[in-house]
Amino acid sequence: MFRDRLAQDAARVQSHFDLILGALDDLDVTRAMAYATEGGKRLRGFLVLESARLHGIDAAQAIWPATAIEALHAYSLVHDDLPCMDDDDLRRGRATVHVKWDEGTAVLAGDALQTLAFELCTRPEVGKPEIRAELAMTLAKASGAQGMVLGQALDIAAETASAPLSLDEITRLQAGKTGALIEWSACAGARLAQADPTPLRQYAQALGLAFQIADDILDIEGDAEKAGKRLQKDADAGKATFVSLLGLDAAKARAAELVGEACAALDGYGAKAETLKDAARFVIARDS
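Just remember that the working numbering sits 421 ahead of the position in the sequence shown, which is counted from 1.
Hints in this document: simulated from the structure, not taken from any laboratory.
Even glycine gets a Cβ: it sits at the ideal position worked out from N, Cα and C.
Watch out, some of these pointers could steer you wrong.
[Stated by the list, open to error] Pairwise CB distance ranges, derived in the manner of DEER restraints:
1. ALA578 / ASP446: 16 to 26 Å
2. ASP688 / GLY525: 23 to 33 Å
3. MET506 / GLY668: 20 to 30 Å
4. MET506 / GLY460: 12 to 22 Å
5. ASP523 / LYS693: 28 to 38 Å
6. PRO550 / SER583: 42 to 52 Å
7. LEU440 / THR619: 16 to 26 Å
8. GLU695 / ASP589: 30 to 40 Å
[Stated by the list, open to error] Straight-line distance between alpha carbons at most 30 Å, and here's what the computed DSS-like set of lysine-lysine pairs gives:
9. LYS549 / LYS693
10. LYS660 / LYS673
11. LYS562 / LYS693
12. LYS660 / LYS549
13. LYS562 / LYS549
14. LYS462 / LYS521
15. LYS660 / LYS521
16. LYS521 / LYS673
17. LYS462 / LYS660
18. LYS462 / LYS693
19. LYS562 / LYS660
20. LYS549 / LYS521
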(Lines of atoms letter the chains of each structure in order from A and count residues from 1; the text may use other names and numbers.)
(Lines give C-alpha, C1' and ligand atoms only; values in the text may rest on other atoms or scores of the structure.)
Protein backbone atom coordinates (compact mmCIF):
# COMPACT_ATOMS: atom_id res chain seq x y z
CA MET A 1 0.00 0.00 0.00
CA PHE A 2 2.68 2.50 1.03
CA ARG A 3 4.98 1.88 -1.93
CA ASP A 4 2.05 2.19 -4.33
CA ARG A 5 0.96 5.43 -2.66
CA LEU A 6 4.53 6.76 -2.74
CA ALA A 7 4.81 6.01 -6.47
CA GLN A 8 1.41 7.55 -7.21
CA ASP A 9 2.25 10.70 -5.29
CA ALA A 10 5.66 10.94 -6.97
CA ALA A 11 3.94 10.81 -10.36
CA ARG A 12 1.41 13.43 -9.24
CA VAL A 13 4.21 15.78 -8.16
CA GLN A 14 6.07 15.20 -11.42
CA SER A 15 2.97 16.04 -13.44
CA HIS A 16 2.59 19.26 -11.47
CA PHE A 17 6.23 20.15 -12.09
CA ASP A 18 5.74 19.47 -15.80
CA LEU A 19 2.79 21.87 -15.84
CA ILE A 20 4.51 24.64 -13.87
CA LEU A 21 7.99 24.47 -15.37
CA GLY A 22 6.64 23.85 -18.86
CA ALA A 23 5.08 27.33 -18.77
CA LEU A 24 8.48 29.02 -18.26
CA ASP A 25 10.80 30.32 -20.99
CA ASP A 26 12.87 27.59 -22.63
CA LEU A 27 16.31 28.52 -21.30
CA ASP A 28 19.23 26.60 -19.82
CA VAL A 29 18.20 27.66 -16.33
CA THR A 30 14.63 26.36 -16.70
CA ARG A 31 15.85 23.16 -18.34
CA ALA A 32 18.23 22.72 -15.40
CA MET A 33 15.35 23.30 -12.97
CA ALA A 34 13.31 20.59 -14.66
CA TYR A 35 16.30 18.23 -14.69
CA ALA A 36 16.95 18.78 -10.97
CA THR A 37 13.36 17.98 -10.04
CA GLU A 38 13.20 14.67 -11.92
CA GLY A 39 13.45 11.36 -10.07
CA GLY A 40 14.02 10.65 -6.42
CA LYS A 41 11.68 9.08 -3.88
CA ARG A 42 9.65 12.29 -3.36
CA LEU A 43 9.19 11.30 0.29
CA ARG A 44 8.66 14.91 1.34
CA GLY A 45 5.93 15.46 -1.23
CA PHE A 46 4.32 12.20 -0.16
CA LEU A 47 4.32 13.35 3.47
CA VAL A 48 2.50 16.54 2.50
CA LEU A 49 -0.12 14.68 0.49
CA GLU A 50 -0.59 11.89 3.02
CA SER A 51 -0.85 14.23 6.00
CA ALA A 52 -3.42 16.18 3.97
CA ARG A 53 -5.41 13.01 3.30
CA LEU A 54 -5.27 12.29 7.04
CA HIS A 55 -7.11 15.59 7.59
CA GLY A 56 -9.58 15.31 4.71
CA ILE A 57 -7.80 17.86 2.50
CA ASP A 58 -8.27 17.37 -1.23
CA ALA A 59 -5.20 16.53 -3.32
CA ALA A 60 -5.96 19.46 -5.66
CA GLN A 61 -5.20 21.77 -2.71
CA ALA A 62 -2.32 19.77 -1.21
CA ILE A 63 -0.41 19.27 -4.46
CA TRP A 64 0.82 22.88 -4.33
CA PRO A 65 2.75 22.62 -1.05
CA ALA A 66 3.76 19.06 -1.98
CA THR A 67 5.41 20.35 -5.14
CA ALA A 68 6.78 23.32 -3.23
CA ILE A 69 8.73 21.16 -0.78
CA GLU A 70 10.12 19.04 -3.61
CA ALA A 71 11.25 22.21 -5.39
CA LEU A 72 12.97 23.41 -2.25
CA HIS A 73 14.57 20.01 -1.64
CA ALA A 74 15.82 19.95 -5.24
CA TYR A 75 17.37 23.40 -4.80
CA SER A 76 19.19 22.19 -1.70
CA LEU A 77 20.65 19.22 -3.60
CA VAL A 78 21.75 21.35 -6.56
CA HIS A 79 23.63 23.72 -4.26
CA ASP A 80 24.91 20.92 -2.00
CA ASP A 81 26.53 19.25 -5.04
CA LEU A 82 28.45 22.38 -6.10
CA PRO A 83 32.27 22.37 -6.01
CA CYS A 84 32.25 24.92 -3.19
CA MET A 85 30.12 22.56 -1.08
CA ASP A 86 30.31 18.75 -1.41
CA ASP A 87 31.70 18.78 -4.97
CA ASP A 88 29.66 15.82 -6.23
CA ASP A 89 29.38 14.80 -9.85
CA LEU A 90 26.60 12.22 -9.44
CA ARG A 91 23.05 12.61 -8.14
CA ARG A 92 20.21 10.12 -8.59
CA GLY A 93 22.43 8.15 -10.95
CA ARG A 94 22.96 11.11 -13.31
CA ALA A 95 25.40 13.96 -13.72
CA THR A 96 24.81 16.75 -11.22
CA VAL A 97 23.45 20.03 -12.58
CA HIS A 98 26.77 21.92 -12.51
CA VAL A 99 28.43 19.06 -14.39
CA LYS A 100 25.70 18.81 -17.04
CA TRP A 101 25.59 22.59 -17.50
CA ASP A 102 27.96 24.81 -15.49
CA GLU A 103 28.28 26.29 -12.01
CA GLY A 104 26.52 29.54 -12.86
CA THR A 105 23.50 27.75 -14.29
CA ALA A 106 23.40 25.45 -11.26
CA VAL A 107 23.42 28.39 -8.83
CA LEU A 108 20.64 30.14 -10.73
CA ALA A 109 18.56 26.97 -11.08
CA GLY A 110 18.83 26.38 -7.35
CA ASP A 111 17.91 29.99 -6.62
CA ALA A 112 14.89 29.78 -8.90
CA LEU A 113 13.69 26.50 -7.37
CA GLN A 114 13.92 27.99 -3.90
CA THR A 115 11.81 31.01 -4.81
CA LEU A 116 9.39 28.79 -6.76
CA ALA A 117 8.73 26.87 -3.53
CA PHE A 118 7.41 29.99 -1.82
CA GLU A 119 5.39 30.98 -4.87
CA LEU A 120 3.67 27.58 -4.86
CA CYS A 121 2.91 27.77 -1.12
CA THR A 122 1.17 31.11 -1.57
CA ARG A 123 -0.96 30.30 -4.61
CA PRO A 124 -4.71 30.99 -4.11
CA GLU A 125 -5.43 27.31 -4.77
CA VAL A 126 -3.74 26.43 -1.45
CA GLY A 127 -6.48 27.94 0.70
CA LYS A 128 -7.23 30.91 2.92
CA PRO A 129 -4.64 33.71 3.13
CA GLU A 130 -3.79 32.79 6.71
CA ILE A 131 -3.07 29.16 5.69
CA ARG A 132 -0.80 30.28 2.86
CA ALA A 133 1.01 32.71 5.15
CA GLU A 134 1.54 30.00 7.78
CA LEU A 135 2.92 27.57 5.22
CA ALA A 136 5.31 30.18 3.79
CA MET A 137 6.52 31.39 7.19
CA THR A 138 7.13 27.88 8.53
CA LEU A 139 8.87 26.86 5.31
CA ALA A 140 11.17 29.88 5.61
CA LYS A 141 12.11 28.81 9.15
CA ALA A 142 12.57 25.18 8.16
CA SER A 143 14.76 25.95 5.18
CA GLY A 144 16.84 28.89 6.45
CA ALA A 145 19.21 29.75 9.26
CA GLN A 146 16.94 28.10 11.84
CA GLY A 147 16.68 24.85 9.89
CA MET A 148 18.30 23.34 6.81
CA VAL A 149 20.87 26.08 6.18
CA LEU A 150 21.84 25.99 9.86
CA GLY A 151 22.43 22.25 9.58
CA GLN A 152 24.54 22.70 6.47
CA ALA A 153 26.56 25.48 8.13
CA LEU A 154 27.21 23.28 11.15
CA ASP A 155 28.30 20.50 8.80
CA ILE A 156 30.78 22.78 7.04
CA ALA A 157 32.11 24.06 10.37
CA ALA A 158 32.63 20.48 11.55
CA GLU A 159 35.05 19.86 8.68
CA THR A 160 37.63 22.18 10.26
CA ALA A 161 36.79 21.60 13.92
CA SER A 162 39.57 20.47 16.22
CA ALA A 163 37.57 17.44 17.39
CA PRO A 164 34.80 15.28 15.86
CA LEU A 165 31.23 16.20 16.74
CA SER A 166 29.57 14.61 19.74
CA LEU A 167 26.35 12.63 19.45
CA ASP A 168 24.30 15.61 20.68
CA GLU A 169 26.04 17.92 18.21
CA ILE A 170 25.48 15.67 15.22
CA THR A 171 21.86 15.15 16.25
CA ARG A 172 21.34 18.93 16.26
CA LEU A 173 23.13 19.25 12.93
CA GLN A 174 20.97 16.63 11.26
CA ALA A 175 17.76 17.96 12.83
CA GLY A 176 18.39 21.02 10.68
CA LYS A 177 20.03 19.61 7.60
CA THR A 178 17.64 16.70 7.06
CA GLY A 179 14.94 16.82 9.69
CA ALA A 180 13.57 20.33 9.29
CA LEU A 181 12.11 19.81 5.81
CA ILE A 182 10.74 16.39 6.75
CA GLU A 183 9.03 17.96 9.75
CA TRP A 184 7.55 20.74 7.63
CA SER A 185 6.26 18.19 5.12
CA ALA A 186 4.57 16.00 7.70
CA CYS A 187 2.93 18.99 9.43
CA ALA A 188 1.65 20.54 6.20
CA GLY A 189 -1.61 18.57 6.16
CA ALA A 190 -2.51 19.74 9.64
CA ARG A 191 -1.69 23.32 8.70
CA LEU A 192 -3.86 23.07 5.58
CA ALA A 193 -6.72 21.92 7.83
CA GLN A 194 -5.86 24.47 10.54
CA ALA A 195 -5.53 21.56 12.97
CA ASP A 196 -2.99 20.84 15.73
CA PRO A 197 0.26 19.64 14.09
CA THR A 198 1.81 18.36 17.36
CA PRO A 199 1.37 14.60 16.76
CA LEU A 200 2.72 14.91 13.23
CA ARG A 201 5.63 17.03 14.47
CA GLN A 202 6.55 14.34 16.99
CA TYR A 203 6.24 11.70 14.26
CA ALA A 204 8.40 13.69 11.87
CA GLN A 205 11.14 14.45 14.38
CA ALA A 206 11.62 10.74 15.04
CA LEU A 207 11.25 9.94 11.33
CA GLY A 208 13.81 12.55 10.27
CA LEU A 209 16.43 11.28 12.69
CA ALA A 210 15.79 7.67 11.65
CA PHE A 211 16.12 8.77 8.01
CA GLN A 212 19.55 10.29 8.63
CA ILE A 213 20.81 7.31 10.62
CA ALA A 214 19.67 5.10 7.72
CA ASP A 215 21.59 7.36 5.34
CA ASP A 216 24.73 6.94 7.44
CA ILE A 217 24.24 3.17 7.40
CA LEU A 218 23.74 3.21 3.63
CA ASP A 219 26.95 5.20 3.26
CA ILE A 220 28.77 2.22 4.76
CA GLU A 221 26.74 -0.77 3.58
CA GLY A 222 24.93 0.54 0.50
CA ASP A 223 25.40 -0.11 -3.19
CA ALA A 224 26.51 3.03 -5.05
CA GLU A 225 24.62 1.99 -8.18
CA LYS A 226 21.34 1.62 -6.29
CA ALA A 227 21.97 4.77 -4.25
CA GLY A 228 22.73 6.76 -7.41
CA LYS A 229 25.52 8.70 -5.70
CA ARG A 230 29.02 8.37 -4.33
CA LEU A 231 29.15 6.50 -1.02
CA GLN A 232 31.54 6.49 1.96
CA LYS A 233 32.26 10.20 1.51
CA ASP A 234 31.88 10.92 5.21
CA ALA A 235 34.18 8.08 6.23
CA ASP A 236 36.77 9.19 3.68
CA ALA A 237 36.57 12.76 5.01
CA GLY A 238 36.84 11.61 8.62
CA LYS A 239 33.44 13.09 9.52
CA ALA A 240 31.56 11.98 12.62
CA THR A 241 28.36 10.12 11.76
CA PHE A 242 25.82 8.15 13.76
CA VAL A 243 27.61 4.99 12.66
CA SER A 244 31.06 6.23 13.66
CA LEU A 245 29.74 7.39 17.04
CA LEU A 246 27.39 4.53 17.89
CA GLY A 247 28.76 1.63 15.86
CA LEU A 248 26.85 -0.09 13.07
CA ASP A 249 24.69 -2.40 15.20
CA ALA A 250 23.78 0.28 17.73
CA ALA A 251 22.95 2.72 14.92
CA LYS A 252 20.56 0.17 13.40
CA ALA A 253 18.98 -0.42 16.80
CA ARG A 254 18.56 3.32 17.37
CA ALA A 255 16.94 3.78 13.95
CA ALA A 256 14.46 0.97 14.71
CA GLU A 257 13.70 2.53 18.09
CA LEU A 258 12.98 5.87 16.42
CA VAL A 259 10.61 4.21 13.96
CA GLY A 260 8.71 2.83 16.95
CA GLU A 261 8.52 6.34 18.44
CA ALA A 262 7.30 7.77 15.12
CA CYS A 263 4.53 5.19 14.83
CA ALA A 264 3.46 5.65 18.45
CA ALA A 265 3.05 9.40 17.88
CA LEU A 266 0.30 8.63 15.34
CA ASP A 267 -1.73 6.24 17.48
CA GLY A 268 -4.39 8.90 18.06
CA TYR A 269 -5.29 8.86 14.37
CA GLY A 270 -6.10 5.13 14.39
CA ALA A 271 -6.05 3.10 11.18
CA LYS A 272 -6.04 6.26 9.03
CA ALA A 273 -2.35 6.75 9.86
CA GLU A 274 -1.19 3.29 8.82
CA THR A 275 0.34 4.51 5.55
CA LEU A 276 2.38 7.11 7.43
CA LYS A 277 3.54 4.38 9.81
CA ASP A 278 4.59 2.31 6.80
CA ALA A 279 6.56 5.32 5.59
CA ALA A 280 8.50 5.33 8.86
CA ARG A 281 9.30 1.65 8.47
CA PHE A 282 10.37 2.26 4.88
CA VAL A 283 13.02 4.86 5.72
CA ILE A 284 15.21 2.33 7.51
CA ALA A 285 14.60 -0.47 4.99
CA ARG A 286 15.40 1.47 1.79
CA ASP A 287 18.47 0.91 -0.38
CA SER A 288 18.77 4.44 -1.78
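Take a quick look at whether LYS521 and LYS673 sit within 30 Å of each other, Cα to Cα. violated (36 Å)
Holds or violated: are the alpha carbons of LYS562 and LYS660 at most 30 Å from each other? Holds, at roughly 26 Å.
Against the 30 Å threshold, does the CA-CA distance of LYS660 and LYS521 hold or violate the hint? holds (28 Å)
Note whether the CB distance of MET506 and GLY460 lies within 12 to 22 Å or breaks it. For MET506 and GLY460 the Cβ distance comes to about 20 Å; the hint holds.
Straight-line Cα separation of LYS462 and LYS660 no greater than 30 Å? Answer holds: LYS462 to LYS660 is near 26 Å, not above 30 Å.
Given the hint that LYS549 pairs with LYS521, does the C-alpha gap stay at or below 30 Å? Roughly 40 Å separates the two Cα atoms, so the pair is violated.
Okay, ASP688 versus GLY525 on CB: inside 23 to 33 Å? Once the Cβ atoms are compared, 50 Å apart, the range 23 to 33 Å for GLY525 and ASP688 is violated.
Between PRO550 and SER583, does the beta-carbon spacing fit 42 to 52 Å? holds (49 Å)
Would the pair LYS660 and LYS673 pass a check requiring their Cα atoms to be no farther apart than 30 Å? Measuring from Cα to Cα gives roughly 19 Å; hence the hint holds.
Agreement of LYS562 and LYS693 with the hint, judged by alpha carbon distance not exceeding 30 Å: holds (29 Å)
Does the hinted range 20 to 30 Å hold for MET506 and GLY668 at CB? Holds, since MET506 and GLY668 (Cβ atoms, about 29 Å apart) stay within the stated range.
Determine whether the Cβ-Cβ distance between ASP523 and LYS693 falls within the hinted range of 28 to 38 Å. The hinted range 28 to 38 Å is violated for ASP523 and LYS693, with Cβ atoms some 47 Å apart.
This entry does not satisfy hints 1, 2, 5, 7, 12, 16, 20, going by the numbered hints stated previously.
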